[in-house]
Amino acid sequence: MTDGQIPEIPQTLEGYFTLHEVYAVDWPRWRSLDAARRGEIASQTAAWLTSAAKVEKGDSALYSVLTQKGDLMFVHYRESPEALKAVELSFQQTSLFEFLKPAYSYFSVIEIGLYELTAMARKKLADQGIGPGSPEFEEFFETEMEKQKVRVQSRLFRDVPAGRYICFYPMNKKRGEQVNWYTLTMEQRREMMRGHGRIGHKYHETVTQIIGGSIGLDDWEWGVSLHSDDMLVFKKLIHEMRFDPASALYAEFGPFYLGIQLRAEQLPQVLAGRFEG
Amino acid sequence: MTDGQIPEIPQTLEGYFTLHEVYAVDWPRWRSLDAARRGEIASQTAAWLTSAAKVEKGDSALYSVLTQKGDLMFVHYRESPEALKAVELSFQQTSLFEFLKPAYSYFSVIEIGLYELTAMARKKLADQGIGPGSPEFEEFFETEMEKQKVRVQSRLFRDVPAGRYICFYPMNKKRGEQVNWYTLTMEQRREMMRGHGRIGHKYHETVTQIIGGSIGLDDWEWGVSLHSDDMLVFKKLIHEMRFDPASALYAEFGPFYLGIQLRAEQLPQVLAGRFEG
Amino acid sequence: MTDGQIPEIPQTLEGYFTLHEVYAVDWPRWRSLDAARRGEIASQTAAWLTSAAKVEKGDSALYSVLTQKGDLMFVHYRESPEALKAVELSFQQTSLFEFLKPAYSYFSVIEIGLYELTAMARKKLADQGIGPGSPEFEEFFETEMEKQKVRVQSRLFRDVPAGRYICFYPMNKKRGEQVNWYTLTMEQRREMMRGHGRIGHKYHETVTQIIGGSIGLDDWEWGVSLHSDDMLVFKKLIHEMRFDPASALYAEFGPFYLGIQLRAEQLPQVLAGRFEG
Amino acid sequence: MTDGQIPEIPQTLEGYFTLHEVYAVDWPRWRSLDAARRGEIASQTAAWLTSAAKVEKGDSALYSVLTQKGDLMFVHYRESPEALKAVELSFQQTSLFEFLKPAYSYFSVIEIGLYELTAMARKKLADQGIGPGSPEFEEFFETEMEKQKVRVQSRLFRDVPAGRYICFYPMNKKRGEQVNWYTLTMEQRREMMRGHGRIGHKYHETVTQIIGGSIGLDDWEWGVSLHSDDMLVFKKLIHEMRFDPASALYAEFGPFYLGIQLRAEQLPQVLAGRFEG
Amino acid sequence: MTDGQIPEIPQTLEGYFTLHEVYAVDWPRWRSLDAARRGEIASQTAAWLTSAAKVEKGDSALYSVLTQKGDLMFVHYRESPEALKAVELSFQQTSLFEFLKPAYSYFSVIEIGLYELTAMARKKLADQGIGPGSPEFEEFFETEMEKQKVRVQSRLFRDVPAGRYICFYPMNKKRGEQVNWYTLTMEQRREMMRGHGRIGHKYHETVTQIIGGSIGLDDWEWGVSLHSDDMLVFKKLIHEMRFDPASALYAEFGPFYLGIQLRAEQLPQVLAGRFEG
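Chains as they are written, first to last, in this note's numbering: chain D, 41 to 317; chain Y, 41 to 317; chain F, 41 to 317; chain W, 41 to 317; chain H, 41 to 317.
Because the hints were derived from the structure by calculation, they are not lab data. Glycine is no exception: its CB is placed at the ideal position from the N, C-alpha and C atoms. Zero decoy hints are in this set.
Pair ranges (Cβ atoms, derived):
id, chain 1, residue 1, chain 2, residue 2, range
1, H, Gln228, F, Gly171, 51 to 61 Å
2, Y, Lys214, H, Pro142, 30 to 40 Å
3, H, Arg238, D, Arg204, 47 to 57 Å
Pairs of lysine to aspartate or glutamate residues, derived as DMTMM-like cross-links and limited to a Cα-Cα distance of at most 25 Å, are as follows:
id, chain 1, residue 1, chain 2, residue 2
4, F, Lys214, H, Glu217
5, Y, Lys141, D, Asp66
6, D, Lys141, H, Glu138
7, D, Lys141, Y, Asp259
8, H, Lys141, D, Glu122
9, F, Lys213, Y, Glu217
10, H, Lys187, W, Asp270
11, D, Lys242, Y, Glu176
12, H, Lys189, H, Glu176
13, H, Lys213, W, Glu280
14, Y, Lys213, H, Glu217
15, F, Lys163, Y, Glu280
16, F, Lys213, W, Glu48
17, F, Lys187, Y, Asp270
18, D, Lys164, D, Glu179
19, F, Lys214, Y, Glu231
20, F, Lys214, Y, Glu217
21, F, Lys213, Y, Glu292
22, H, Lys189, H, Glu96
23, D, Lys163, H, Glu280
24, Y, Lys213, F, Asp259
25, Y, Lys94, D, Glu316
26, D, Lys164, D, Glu227
27, W, Lys213, D, Glu217
28, D, Lys189, D, Glu176
Calculated Cβ distances over 10 Å to all of chain D for the following chain H residues:
id, residue
29, Glu96
30, Ile152
31, Glu156
32, Arg230
So that you can see chain D by itself, here it is in the shape it has in the complex (with noise of 0.2 Å):
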């Protein structure tokens, strides 16, 4: 995985399979069901979802949508392909589902960058005289790997951040004619991951941020999530990302969705028509 061209990519490590399915009510004929209907199918909705997040290696959860982009958005974390498949079309055979209507969907692997290990491990055998491509190189690099993948494994491998409000958009940067983010040296561009990243750690109190990485699975580059109690920081730390240079010339931004956790005993609730928040 490594040779003479690489080192100028940054490595990544990836965890769990992401999917975001955001779904419409179709209102109107949900609430032609008598109530006893409706409250039967949600009780058998929310022990799904109670089911669905319980499974061994992953987790599910769901969120109330804000805006006519939809009503419900699910988050499923799974540990193949496969998984996320059969939950998916798991959900698909509900009766709930007769009454909904696909709004937006995203597919991506929860994803760290090691920009700043590449650019390190690099450095240091550089020192040592060790170019890329030779043996020691690519052996040193392999084992760094492995070490990184075993530190940060609970942070591939999580359940779905606690936090009241999510935060859900899908991201590119920017290959424009004069500012390309992929012409960059490594070292630029991981000048400004280093920025960038500052300003998530300011926030880190209050925000905890899932990158799922989707290049070459969905049509972004990546799928954010924004996990907090306080829906505000997440235009605070938009906002003030939007003036670091990794944002301000090579964030392009796809649609934004924004929930409110919903447990699964308060989904009958809401599609008995009452937020209680």
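Dock chains Y, F, W and H against chain D, hints included.
For chains Y, F, W and H alone, kept in the frame of chain D given last:
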């Protein structure tokens, strides 16, 4: 909230969360009801609106939308995302909702940008030799923000303005390859916002402007609502601003939604197909 | 309405508000009615149109649209947004409306730009040593605008032109990173508008052009309607303009809608599936 | 039609108006009819097509479309917009139409651009000291255009080419900030059109190209139809042109629609679900 | 097929025509059938697929698609457009099709680009003093192409690769105002394609790449299919290529479709809502 980097970023104050929702009436289905039932539903909806507008913290208003973009636009101000979700969900349970098709929605929070304050405070402190990052600097800033918050309380937490017409549109500041708002200096941005403000001020007797900040909350950076008793004033104001550098160079506009305010008691008449303005 | 900044912005005069609405006929559903009922509805709609066109202040016209973009386009001129909303709402209550699908709409106000006047007045005053912002300057401007308004009254408040064909399209002036209409000087813009006008003038015997200003009212800056008895003239005129700097460099075009005028009494025939043009 | 400015604009000659209409079959609904009824409708549609193709001035042809972009594409050539509208409206009244969903359409007029003629005439007159705008110049131009019109009559007013396959796509010449076809000199454009023509000529034995001019008539500047008995030739021709400056720098392409010609008598078989090509 | 201009254009060889078709299952309607009927239809569809895959010249395969982009993706390889149309039409007649909604499709032809060959041949001939356009040059080229066609026969006319996962996406080479693939020299393009090829080669043991050429056939220039038993390899490969100049500067990507291969006999289980991967 302040450190060595922040002073280059304008401070903002946040008030009510806002939700704009546009719906199209499915006229053929609506008209398939008999007149009595339509009257009954229209009255219930009017009552729902009256009650929604009476919320202790916030407000709700309704507009008749021009063109095929929709028929009705609701504007809700609320103190929390939960309260907005609750009003949205509550409307979805009304009988009228069965005859509506979602057409557009936007989520933001009333925002006052403090370009001038941020810059003045910075200068004042610099004159006293107090640099960003020092405890004095931070303390001064926090105190100043609290003062401002009190001062503009009535603009952050207010009712929907009373103007007969509404003009709503989302917008971004451009991040082009050569023309990029977010790489300008604080001073350059402040200068342009000031020119921008001068034009706004010229119209302040005829137009009330509500800025909804939505970075990290919805797909554009701001959602702007203009309220006026003269619809041509929207055209004159935005036309004049288009020649102002802040807009000429940096503004990107989304779709425009134009509406005529409907008091709750006017809704039944409109739903009966008569607009007596 | 005039101050030190304004003279760089061309004055405009506004007339009737205009609404263009395109609908597709749901032919299968329409044809599922028996011929007598279809005839009855078609006659009612024809009567509705005749009555709408008879409005004291304004006019209404109907066109048969080419291609799958739609089947019918209504053009309404009215003195106020309320009057436009009233005619829109009134049409939504017709029986024919149950068999139509909304396809496109555009809202604007008939506008006459006064590039030449603004520039001449400015020059005249400068020659007399009267600068922008002074009371004399403002008074002169106001007086001049009133004179103009009287002069062009019949172009601002007029009926829909009589041409057999209509070509409607919305457009913007470009605000690119290097090519930006709104950062040109008044003199540069005036020069280009003059060249543009010369081409329009060449065709003035065969084409009537109605400019609808829509900055702040709809999604583009203008909605242009060309009316002519020769459809190829639309192509020749717009082709020629495309080489003119004002268009070549600065024009951005939206979708084009082409129609053939239908007198109210022709509507039943078209709705019966026969076009005898 | 000629004055001091025009010679910089290539003259064009116009022939039949053309309409391309793509429809998707609603197979489930269609197949819910019994076979006899389907056969009856298919035969009626085949008869409709035969009759439409027999029009004295013009032609009609049908293609089986590949991919989910649609199932059937009709191509109509007619002498007037009214005649095109009449054939469109007539098809909307057929029983088959109840089982079709509109998928795409394009309106244009067969056009022959006279770059070479315009340039040569200009040079010839300049050699004789006759400049644009003079009566001799105008007279010469008019006479020349009439001659050309007679010469290319059979290309302007012709039947739909016989090739087994069709490739239809709309296109523009780019009007970018630095790369703008419409700001080039006549000579530069002529030079590029000539290179472009050379490539077209190379394929003239296997491909028939119909250029539909649509500036001011539809959303792109041209609608191009290629007709050939070899589908790979579309790829080779357009691939080769893509390296030619006229396309490499200046062409913007819309969607591509590919079809296989169906004779009227083949339609029932295709509608019965068998393609025996 | 060769003249003075052509050597600057890479020769390509074409194999099977390919069709990718994505469908969403209408689960509520499907589940409204009783289990026995669903089983029957699922078995018939499995049989249809088995039979389609057995075609003498070509192949057919099926994938379970992740996310709301669809549920099923069929990939068909056939020797002619007619054979592709026949399989498409045949599937539209199945009972399952009544429960599917078209979601995406792409048409292309398997293509092998001969950058290296074209360049080498040109050099070889130049060394012998044989220039493009001469009879020797043309003869040599034709002979060489025939040799190549034989050599790569098994890559042009092959079955769908066996990998467990598929990643399909369409792409273009950029034609920007400053960054334009089609204005580079043959040598520059060849150099970049070589670097690109090196990365592809690195992964050749784990990924099979099928390039579908679609210039003139569909809306993008190529449709790329990657097949692998490891889904993360798609991400690694495309991530690495993104830093390679050919992609970093010149690639424009369309939507990505990810799927998990389904053998015909697995289809009934998936349609019964169980994914046992």
